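K.L.:
So you can see what is in the structure, the chains are spelled out below.
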Amino acid sequence: MSTPVPQNRSRYRRNEIAITPWLFLIPGIAFFALYVIMPIFQSFWISFHEWDGLGEKTYVGTAHYERLLGIGDQNMDRKFEVSFWNNLKWLVLYLLAIPMGLFIALFLNQTVRGIRIYKSLFFFPFVISQVVVGLVFSWFYLPREGLLNAILGFFNMGSLNILGDPTMATYGIIAAGLWPQTAYCMILYLTGLNAVDPEQVEAARLDGAKGWRMLWYVILPQLKPATFIAFVVTIIGALRSFDLISIMTNGGPFGSTRVLSFYMFEESLSEFGFRMGYGSAIATVLFFIMLGFIVYFLYSMWREEKEAR
Amino acid sequence: MFPTPIEKKSRGYQMTYQGLLPVVLIMWLLPLIAVAVFSIRPDSDFTNGNYWGIPSSFNFLENYGKVFFESDMPRYLLNSVLITVPTVLGTIALSSMTGFALGVYKFKGNLLIFFMFIAGNFVPFQILMVPVRDLTVNMNLYDTKTGLILFHIAFQTGFCTLFMRNFIRALPFPLIEAARVEGVREWQIFLYVVLPLMKPALAALAVLIFTFIWNDYFWAVVLTQGPDAQPVTAGITAFNSQYRAAYHLMSAGSIVAALPPVLMFFLMQKHFIAGLTLGAVK
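So the sequences go chain by chain: A and B. In my numbering, each residue's number is its place in the first sequence (first place is 1) plus 682. In my numbering, each residue's number is its place in the second sequence (first place is 1) plus 18.
Simulated from the structure, these hints should not be mistaken for lab results. Computed from a predicted structure; not experimentally measured. Be aware that one or more of the hints could be misleading.
Below 27 Å or equal to it, Euclidean Cα-Cα: the simulated DSS-like pairs (lysine-lysine) are [stated by the list, open to error]:
(1) 126(B) to 801(A)
(2) 126(B) to 988(A)
(3) 801(A) to 26(B)
(4) 771(A) to 906(A)
(5) 217(B) to 801(A)
(6) 288(B) to 801(A)
(7) 906(A) to 288(B)
(8) 739(A) to 771(A)
(9) 892(A) to 27(B)
(10) 892(A) to 26(B)
(11) 801(A) to 892(A)
(12) 84(B) to 27(B)
(13) 771(A) to 892(A)
(14) 124(B) to 988(A)
Cβ-to-Cβ under 7 Å is the rule here; a few derived chain A residues that face chain B [said to hold, decoys possible]:
(15) 725
(16) 827
(17) 925
(18) 958
We put the beta carbon where it would ideally sit given N, CA and C, even for glycine.
Please put together the full structure from these sequences, using the hints given.
P.N.:
This is the structure:
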């Protein structure tokens with residue numbers, strides 16, 4: 683008590699700038715490691731086992747992957763194959779949200795009266811939960827009561843049972859997913875358009891650029907950060923699609939709308955017993971598909987960090 | 019400004035645009051409008067096949083009253099609130115600390131940890147599902163709100179760290195240096211210098227996380243079961259099986275379930291969009 687600066691306190695104070703960040707990081711890192719980082723590796727581990735979630739795990743080596751991919755004298759898992767192709771459809775068609783979002787953003791980027799309310803109302807679908815979007819669209823598609831068929835009937839164009847038809851159901855769900863996703867891309871582009879340099883636009887106008895050429899050569903390059911984020915969130919959203927499928931068709935009709943994320947859930951927590959090992963193998967495949975994109979995203983962000991320094 | 023401001027165009031062009039706006043909006047929101055109309059129809063309209071004609075009576079109070087007083091809906095709504103609010107608080111607490119550490123200090127591994135948070139934020143939920151469910155069961159937290167909250171806090175910390183760190187980076191650094199010269203301790207810099215400047219970021223994240231968590235369905239199904247702990251997104255499916263084919267009640271239920279984030283959005287629009295479009299402009 684007599685010394686004004688005790689020994690241990692001075693050691694902390696001498697290294698304060700070196701120690702403080704770690705003290706601030708520990709709780710966040712601990713939580714994140716426990717719930718996000720470690721489970722990834724645990725899932726790899728479980729995928730090499732047969733496990734019902736309760737009893738002992740039995741090691742089965744790569745048997746699950748062989749069954750999934752049809753290595754050896756067995757056929758590829760049909761459900762896996764369907765899910766995989768559906769995932770590809772999701773990925774490709776979901777990207778339509780980006781040009782559609784840009785289109786609506788260009789349409790709304792004006793300063794007429796009340797435009798702010800229009801912008802928020804256009805953005806509205808993104809705020810609603812996917813569960814409700816799924817319900818809203820499954821009622822919209824209903825063969826008898828649905829508005830879609832009421833409209834088609836009005837124009838004498840027959841009727842469709844979109845979610846009941848295995849060839850159309852996946853596209854019907856993707857269309858429902860595009861609704862909020864387009865809204866998201868729209869808001870990204872509206873923000874981006876706000877920041878477009880007016881002097882460059884004026885200069886380009888004096889040079890006689892307008893319409894498509896102006897958009898392509900002057901505006902789009904300046905919207906690159908918005909496009910990048912739209913791309914990231916759309917890819918991730920496409921591969922994460924689960925809620926809509928679960929709500930709208932529950933994988934049906936005849937399993938035609940399954941995607942990997944849904945098939946994994948179905949296997950792991952199915953009513954015929956929990957096949958967590960097989961489920962984890964599906965999740966691992968999905969993870970590695972996603973990893974390709976994640977590495978690309980991180981690489982782009984990392985390059986920017988380097989430039990910023 | 020692009021496209022060319024409408025004021026510079028002809029009068030006819032302006033009129034067309036003004037007229038087109040509401041039409042396009044109605045088409046855009048058509049599925050939602052359909053549900054809103056369903057939700058105020060009386061039961062008899064459905065038995066008579068009057069789906070799209072004029073509602074034979076305006077049953078707003080009856081239908082929504084049933085949702086609130088004759089179903090488990092209020093319980094699910096309360097669960098959602100009790101899950102969402104602690105998650106928002108916990109996430110913001112954790113990520114303002116990690117964001118501060120990664121944004122202010124230069125040390126080895128800074129970028130690596132930062133990128134670990136971003137990467138973890140992008141992984142598919144399914145790769146986490148089995149171990150997280152197992153962990154929750156082992157902690158005796160399966161089918162509790164706490165189990166769901168803990169996971170949500172951990173996962174959302176990834177995205178929020180990205181947000182907070184970039185926000186703190188944009189703050190004027192000399193401010194922190196000046197405080198250091200004055201002999202202010204590091205944790206005091208966090209509390210009294212940085213935190214007050216982060217208010218807009220905190221608000222943006224709060225509304226954003228509120229919406230994300232309120233709308234979560236996957237984890238609600240994986241980690242909870244029944245009306246004791248399930249949030250409204252999962253509860254709505256139980257509600258719908260209770261009122262199978264009663265479209266007026268199911269529609270009213272969905273609208274109630276979707277409403278809180280919508281209100282949040284309209285009240286805090288500026289913050290919400292600032293959070294969502296982070297990085298969309300340089």
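K.L.:
Against each hint, give a clear statement of whether it holds in the structure.
P.N.:
Right, here's what the structure says about each hint:
1. 126(B) to 801(A): 44 Å, violated
2. 126(B) to 988(A): 15 Å, holds
3. 801(A) to 26(B): 21 Å, holds
4. 771(A) to 906(A): With Cα atoms ~25 Å apart, residue 771(A) and residue 906(A) stay inside 27 Å; holds.
5. 217(B) to 801(A): 25 Å, holds
6. 288(B) to 801(A): 12 Å, holds
7. 906(A) to 288(B): Holds - the C-alpha atoms of residue 288(B) and residue 906(A) are around 23 Å apart, at most 27 Å.
8. 739(A) to 771(A): Not satisfied, since the Cα-Cα distance of roughly 35 Å exceeds 27 Å.
9. 892(A) to 27(B): Cα-Cα ~14 Å, so holds.
10. 892(A) to 26(B): The given pair, whose Cα atoms are some 14 Å apart, holds under the 27 Å limit.
11. 801(A) to 892(A): 25 Å, holds
12. 84(B) to 27(B): 52 Å, violated
13. 771(A) to 892(A): 35 Å, violated
14. 124(B) to 988(A): Holds, at about 14 Å.
15. 725: Hint holds; residue 725(A) Cβ to chain B Cβ min 5 Å, cut 7 Å.
16. 827: 5 Å, holds
17. 925: 5 Å, holds
18. 958: 5 Å, holds
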